[in-house]
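Trainee: If you read the protein sequences in the order shown, they are chains A and B.
Counted the way my numbering counts, the first sequence spans residues 1 to 302.
Counted the way my numbering counts, the second sequence spans residues 1001 to 1276.
Keep in mind that a hint or two might mislead.
Unchecked claim - Stretch by stretch, here's where chain A covers chain B in the computed footprint (C-beta under 8 Å, at least three residues):
# : stretch
1 : 1023-1035
2 : 1100-1106
3 : 1116-1129
4 : 1151-1164
Stated by the list, open to error - Computed, partial: chain B to chain A, Cβ under 8 Å:
# : residue
5 : Gly1097
6 : Gly1111
7 : Asp1113
8 : Glu1238
9 : Tyr1260
Bear in mind the hints are in silico, worked out from the structure with no lab data behind them.
Where is the CB? At the ideal position from N, CA and C, for every residue including glycine.
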Amino acid sequence: MAKTVRETIKDLTRHHLLEKKSMCFGQCLTAVGWVGGTLPELYEDDGMVEVTTADVANGGFVVGAALKGIRPIYVVRYQGFQWYNAPIIVNYACKSKEIWGIPCPIFVRSIAMEGAIGPVAGSSHHSLFQRMPGSKIISPMTPNEYDFAYKEFMRDDDVYYVSEHRRSYDNNKEFENIIENGADFTLFPISITRFDAEKARIILKEQGYSINIIHQLWIKPFVFKNEWREALNQSKHGGMVLDDDYEEGAASSIAHSMMIDSEKKVYTYGLEHRTAGFHPDVDNLPPSPELIADRVKTIINK
Amino acid sequence: MKDFRLEVFKKASLCRNFENILYEKVQEKLIKFPVYLSAGQEFIAATISEKISELNISPDIFIQHRGHSTYLSFGGSIDELIDELLGRKTGCALGMGGSASIQCKKKNIYGHDGLMGNQVPIGVGACFASKCPTIVFVGDSAAEEDYCLSAIGWASTKNLPILFVVEDNNLSILTEKKVRRNWEMHDVAKGMQVKSFNISDDPLIINKHLQNVFDFPLLLNINTVRKFWHAGAGTDGENFDRYEEELKYFGDEGNAIDKYNKNLVLDAWQRQLEKQ
Ligand SMILES: Cc1ncc(C[n+]2csc(CCOP(=O)(O)OP(=O)(O)O)c2C)c(N)n1
Ligand SMILES: [Mg+2]
Chain A
1 MAKTVRETIK DLTRHHLLEK KSMCFGQCLT AVGWVGGTLP ELYEDDGMVE
51 VTTADVANGG FVVGAALKGI RPIYVVRYQG FQWYNAPIIV NYACKSKEIW
101 GIPCPIFVRS IAMEGAIGPV AGSSHHSLFQ RMPGSKIISP MTPNEYDFAY
151 KEFMRDDDVY YVSEHRRSYD NNKEFENIIE NGADFTLFPI SITRFDAEKA
201 RIILKEQGYS INIIHQLWIK PFVFKNEWRE ALNQSKHGGM VLDDDYEEGA
251 ASSIAHSMMI DSEKKVYTYG LEHRTAGFHP DVDNLPPSPE LIADRVKTII
301 NK
Chain B
1001 MKDFRLEVFK KASLCRNFEN ILYEKVQEKL IKFPVYLSAG QEFIAATISE
1051 KISELNISPD IFIQHRGHST YLSFGGSIDE LIDELLGRKT GCALGMGGSA
1101 SIQCKKKNIY GHDGLMGNQV PIGVGACFAS KCPTIVFVGD SAAEEDYCLS
1151 AIGWASTKNL PILFVVEDNN LSILTEKKVR RNWEMHDVAK GMQVKSFNIS
1201 DDPLIINKHL QNVFDFPLLL NINTVRKFWH AGAGTDGENF DRYEEELKYF
1251 GDEGNAIDKY NKNLVLDAWQ RQLEKQ
């Protein structure tokens, strides 16, 4: 059996603490569940550090630890909590190399989840970190991608915002881009929308549409690969960036970069621009396979 | 045996002369960004650094925006500070830090990014990771930031070898403490089980309270008097000036030290300006 994302994170964390002698900070890490089973059962002596409930200060503690060169991991259990956890990280750690020549690398594990968790905790919050020089954003959804993200971080000296999604933890498969000759449309999905984009593609295929899927692992820096540009230019009706953040952020910024460097329109589809409630009737979820398929058809048949 | 008070005065004298001369440079508009002068408050860093050199240790130091005296007292290079104020790559913060965000790698002085008080949680985190002596300087206003208070609490919980120094000039820009709060930092810290004292910036008194520094978390709320405006060159009128008091106390020897430092700073400026 191939390893799942959950097991991959757990093994990397164990390696990071026990072999690299680093630390992993976070709230309620050692409580029941060990953050969705992604943490090894280690305690403070091993570097697994329970911090206080003071989220802003906690971000500062991790920055201080990073200044001492230990490359800490920081677990933020819901991305929405970044509003309180991010300030000192984005303002100090991200700038430290430029102002003082002192790198301050931190592996920020920022975990997304949606569905019945209300107005603050859910979805991805990429744009918070995206605006600040000195940060990199990567959203691994497979075991190999997570391994790659960790290795990149270890040979780099920037702050890494690792945008995770709880729904990916059971995944043990890898994604591959699907690029077809004469495709009608290209999807550029981010984070959890990558799973649903694949399902949407099957729905659309059954209805006679040919859809490319180009998976987006890196959110920042965004590099528009030649192969992707060609695929987009060859797509009859352009493309669409999918995200589980509001469209008015990373998705729009990536779509903009693609458009100025291609001949096609690139649309965005993410959360609706409204606050999520708890009940299913008022929740605000990333687009489902059916909704993605409908949106694509609407664009194609315009 | 060195005379502790005299050694502190020598450091304070360098700081005071640096700030007095910088005051003139700011008035002459040689420097056009906000400059946070620490004159009037120099005995705090001068005393603590003297105690640290006696202990023969080199702690990590997290400074606040008004940090020239801290930088100089703990051995930061005067030439690199001048270069920094002139925006040069050879400055102590690569010409990026101006006055507020200075640092000195050789002396373990970490720069401040301009968000008041975040040096407190950062210093606590660094101390937690290193378990080595750490000093955090913070203003009486910045100390009110929620993240400062919770960081002091965590340092207590983890029993870290850390010294918090609240440079209490009673002012947040021009807003007095009594307008902002009805509580005192040393009381709050005490409530968090941190040994805390509210004292003056008299070097002998500060020294007395540093006896067991780094054996446990310690907070000193040190009352002091800012000589110049919050930023830029100007004064709020005649106030108590410890430097004048100490100068008087040391008489001719004090005057000679003062003159020596004045020339040292003038020479440094001349040297750096001619380098252009
Ligand atoms: C997070 C944040 N809030 C507000 C400010 C604006 N500000 C700059 S200096 C200052 C007052 C600082 O007073 P204090 O900490 O007592 O230091 P002092 O200037 O008196 O030495 C304030 C509020 C800031 N720079 N950062
Ligand atoms: Mg003040």
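Trainee: Using C-beta distances, would you say chain A covers the stretch 1023-1035 of chain B, given that this needs three or more residues below 8 Å?
Mentor: violated (count 0)
Trainee: Quick check: the stretch 1151-1164 of chain B, covered by chain A? Criterion 3+ residues, Cβ under 8 Å.
Mentor: holds (count 4)
Trainee: Against chain A, is glycine 1097 of chain B within 8 Å by beta-carbon distance?
Mentor: holds, 6 Å
Trainee: Does glycine 1111 of chain B meet its interface restraint, that is, does its C-beta lie within less than 8 Å of any C-beta in chain A?
Mentor: holds, 5 Å
Trainee: Return the status of the interface hint for glutamate 1238 of chain B: holds when the least beta-carbon distance to chain A is below 8 Å, violated otherwise.
Mentor: violated, 37 Å
Trainee: Report holds or violated for chain A covering the stretch 1116-1129 of chain B, Cβ cut-off 8 Å, minimum 3 residues.
Mentor: Contact hint for the stretch 1116-1129 of chain B vs chain A: holds, 11 residues under 8 Å.
Trainee: Would you say the stretch 1100-1106 of chain B counts as covered by chain A, given the rule of at least 3 residues with C-beta under 8 Å?
Mentor: holds (count 3)
Trainee: Can we keep the aspartate 1113 of chain B interface hint, with Cβ of chain A closer than 8 Å?
Mentor: holds, 5 Å
Trainee: Does the nearest C-beta of chain A fall within a distance shorter than 8 Å of the C-beta of tyrosine 1260 of chain B?
Mentor: violated, 31 Å
Of the numbered hints listed earlier, those contradicted by the structure are 1, 8, 9.
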